[in-house]
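Chains as they are written, first to last, in our numbering: chain A, 1 to 284; chain B, 1001 to 1326; chain C, 2001 to 2277.
Everything labelled a hint here was simulated from the structure, so no lab data went into it.
Be aware that a few hints might be false.
[Stated by the list, open to error] Sample of chain A residues at the chain C side, in silico, Cβ under 8 Å:
{"no.": "1", "residue": "S116"}
{"no.": "2", "residue": "F128"}
{"no.": "3", "residue": "R174"}
{"no.": "4", "residue": "P175"}
{"no.": "5", "residue": "A178"}
{"no.": "6", "residue": "A179"}
{"no.": "7", "residue": "Q181"}
{"no.": "8", "residue": "Q183"}
{"no.": "9", "residue": "S187"}
{"no.": "10", "residue": "P197"}
{"no.": "11", "residue": "N198"}
[To be verified] Across the chosen pairs, the derived CB separations fall in these ranges:
{"no.": "12", "chain 1": "C", "residue 1": "Q2257", "chain 2": "B", "residue 2": "D1124", "range": "34 to 44 Å"}
{"no.": "13", "chain 1": "C", "residue 1": "A2059", "chain 2": "B", "residue 2": "G1059", "range": "39 to 49 Å"}
{"no.": "14", "chain 1": "C", "residue 1": "L2267", "chain 2": "B", "residue 2": "P1259", "range": "28 to 38 Å"}
{"no.": "15", "chain 1": "C", "residue 1": "Q2257", "chain 2": "B", "residue 2": "L1055", "range": "27 to 37 Å"}
Even glycine gets a Cβ: it sits at the ideal position worked out from N, Cα and C.
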Amino acid sequence: MTTVLTRRPGLARLRAARQPLYLACLGFVVLVVLAALLAPWLAPGDPNTVDLGNVLAGPSADHLLGVDAAGRDTLSRLLLGARTSLIGPLGVVVFATLAGVAVGVAAGWRGGWLDSVLSRSTELVFAFPGMLLAILIVTVYGEGLLAPVLALAIAYLPYVSRLTRSLVLAERERPYVAAYQVQGHSSLQICLRHVIPNIAPVVLAQSTINFGYALIDLAGLSYLGLGVPALTPDWGRMVFDGQTAIQRGYPLSALLPCLVIVLTVVAFNVVGERWADQVARRDR
Amino acid sequence: MTRTLDIRNLCLRLPDTARPVLDGVDLHIAAGETVALVGESGSGKSLTARTVLRLLPKGAETEGAVEVAGENVLALDPQQLRALRTGRVAMIFQDPRAAINPLRRVGDFLTESVRLTGAMSEPDATRRAAELLTAVGLDASVLRRHPGQLSGGMLQRVMIAAALMGDPVLLLADEPTTALDVTSQAEVVALIGELKERFDTGLLFVTHDLGLAAAISDRVYVMYAGRIVETGPAATLFTDPRHPYTLALLAATPRLAAPGGRLAAIDGQPPDLRHELTGCSFAPRCRFATQLCTTQAPEPHSAPGAPGHLAACHHSDRLEESAADA
Amino acid sequence: MPDTVLEVTGLRRTFGTVRAVDDVSFTLAEGGSLGIVGESGSGKTSTARIIVGLERADAGQVLLHGSDRTARARGKARRLARARQIQLVFQDPYLSLDPRTTVEAALREALRLHFPDIDHARRITELLDQVGLGTRAASALPRRLSGGQRQRVAIARALAVEPAVMVLDEAVAALDVSVQAQVLNLLADIRAQTGIGYLFITHDLGVVRCVTDDVIVMRHGRIVESGPTAEVLATPQHPYTRLLLDSVPRPGWDPRQLAAARRALSLTTNRGNSTDS
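Given these sequences and hints, build the entire structure.
Put into structure tokens, the structure is as follows:
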């Protein structure tokens, strides 16, 4: 069985063939997650405290990574920003995975008209750019994290449901599924207890990759000033706020969040690819 | 006279295994001879056949000699090896569908190797392919068809024709009829026999089917856990086995002639590759085993009055007595 | 004369223009063992799948103890009742077990569904014992087991439901000779102990000889010959049965003559078919 994960062209070339790269990426993912979890205790100061005397200062003992144009501590904002920046994509991925698996399993298992309806409607969502959908919903519902997360989740759903459907189609043909049918188990039980656990590793690998993409998209939205409220620390927002600083020759407060975004996305991608490869190898 | 195939003391080790997968295999085939290699899955019979073409698993280490018409296969450079594979030795696989590219026409498949090596010009190759297709009982129109349009039996004939393209001196057939129905099996076997006579090739027929081995071969080798446990003429090996494993296998095979009811099953399982072997590999499952068998691996020795019938068993003579009792 | 447990009448199934199963009727006696022999494309596997309920017939009936099971089962009670009528053991033991479910969990699942009130642990030990597996195998995942052991697990799982009939679809074909003999003996013992009926789908006449009382021979979806196994194998009436028997390799076997016989037979049947239509 060959399953193709959906990747964006640029990142597809980054294959996690080498062990050190994978370990470094896994380490980085763990680090970012820990930072997000422990941010309130790790952050040296309040992210919104304005220190006007030190505007655009470089790294110092007080402010390890410097201060931004509004006089806020960059390190604190990065650490606390990790929370917003990760919770958003997490919401997207959790929702897209749950709904996508439900749709994909229903379409793949039942087949027939249900499959046609579900496949056509997911294709419809495919045809509509996710970012555009998000911008549309945010403009209608105003500020807040929920609207863009929901919009992106809907945009990401087809990736998961299409993958799930093809996996279920292959899995359904395996004799063990027929064996459970003959034993008198209901379709729902077979799907929940056997089919879904067997396809879960591949779906989770895709979700891990999706996490990185969702992070980019959400960062892009908040860079545009959509979604995250103005004062909430967020990496995308920090890039936006740091623009003026770059023009004035103090790039640190904008470049650091950029760097963190790129590294996080790459790390999630490499880890996801690696997991998918491992699953593929185990099946053989 | 040089033998078509001469394997001497072949040992093959794989990473992550405690014992050699092939352990001192001795096997030879004279020109035009049919030899069957019989064994269960995991015995190393397919691996032995593949070693002749040096189609080895990753990380395999070999010892010993594998000579095809006097040339040591294990010492060939890549170019010589390619010449060997396209010319003197050909292999027929178990599943013809897995061994052929479904998108290419049968004609391309047949002529590809000789054209690529420059052994034949394209018109010559096509003429030869058409000839061979007729020889295997198909007609030349098959050249233009795709593998999907042929049945399993027809496809196996195509594979046989492909194997004969390079005028091989040795044909390796790895369970060539296992995927076929019994009636097609008879046809394919008849065909291989006919062609072998016509082109005077040696044939190594790898199979798990004792009845088939007895029916078609001149000599038989029986393999168990990477070792040849018994070898002899097909006519006497099955009527008068000298190794307990051969005897047990024969007893465990359901037969048409035997009455229904229980079979004499062999208890236990073949030894695991993860454990080292001391003594005879069959000893734990053998009803003749003694203390000696668990400590010392038996050397092959010949039956009295039959130098070509060898068995690696400490108790070959007791086997005969028990057969006489029964 | 023993009672009939399974009765199949006039079964038909068409795929496109191919008549995969064409007017197949037979009966299986209580505790009996019936072999269905044929080559690939003979319709033997389709017949088995219809009887088990994995496929639907275009026409015909499958009666178990007189009650029809061709209609679609609705509701849990009907589904379970039907599962207790007939169970199936597949050819490939490598694919018929969920790779993520341990032996014990697979058996427990079947028991929980069908017999929620009994002592599952004890019954699992009993079942494993019955198929000759130690309790050590209980916690193993299928990939840790050999082909023969997996097939024993599949048999135990079928037995857990306590069916009246067990359909064995080439259940020993993928096994090595020595292991095949162990499993065939096991199946014979189980039948002697429980009085379960077997429907043995196979291409191997030796296996048929060994484990069945009666046999039917199928070709192109039709039954060409049927009768007591010993009789059919000793004095085959239909030329196709004779060809099948002659095709079994043995010393002094002449494959060339067989090839000729096979061609002759397919010619006559082709001509026969064209006059039919």
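Hint check results:
| no. | hint | verdict |
| --- | --- | --- |
| 1 | S116 | 22 Å, violated |
| 2 | F128 | 37 Å, violated |
| 3 | R174 | 6 Å, holds |
| 4 | P175 | 4 Å, holds |
| 5 | A178 | 6 Å, holds |
| 6 | A179 | 5 Å, holds |
| 7 | Q181 | 7 Å, holds |
| 8 | Q183 | 5 Å, holds |
| 9 | S187 | 10 Å, violated |
| 10 | P197 | 6 Å, holds |
| 11 | N198 | 6 Å, holds |
| 12 | C:Q2257 - B:D1124: 34 to 44 Å | 35 Å, holds |
| 13 | C:A2059 - B:G1059: 39 to 49 Å | 58 Å, violated |
| 14 | C:L2267 - B:P1259: 28 to 38 Å | 36 Å, holds |
| 15 | C:Q2257 - B:L1055: 27 to 37 Å | 35 Å, holds |
The structure does not agree with the numbered hints 1, 2, 9 and 13 stated previously, though it agrees with the rest.
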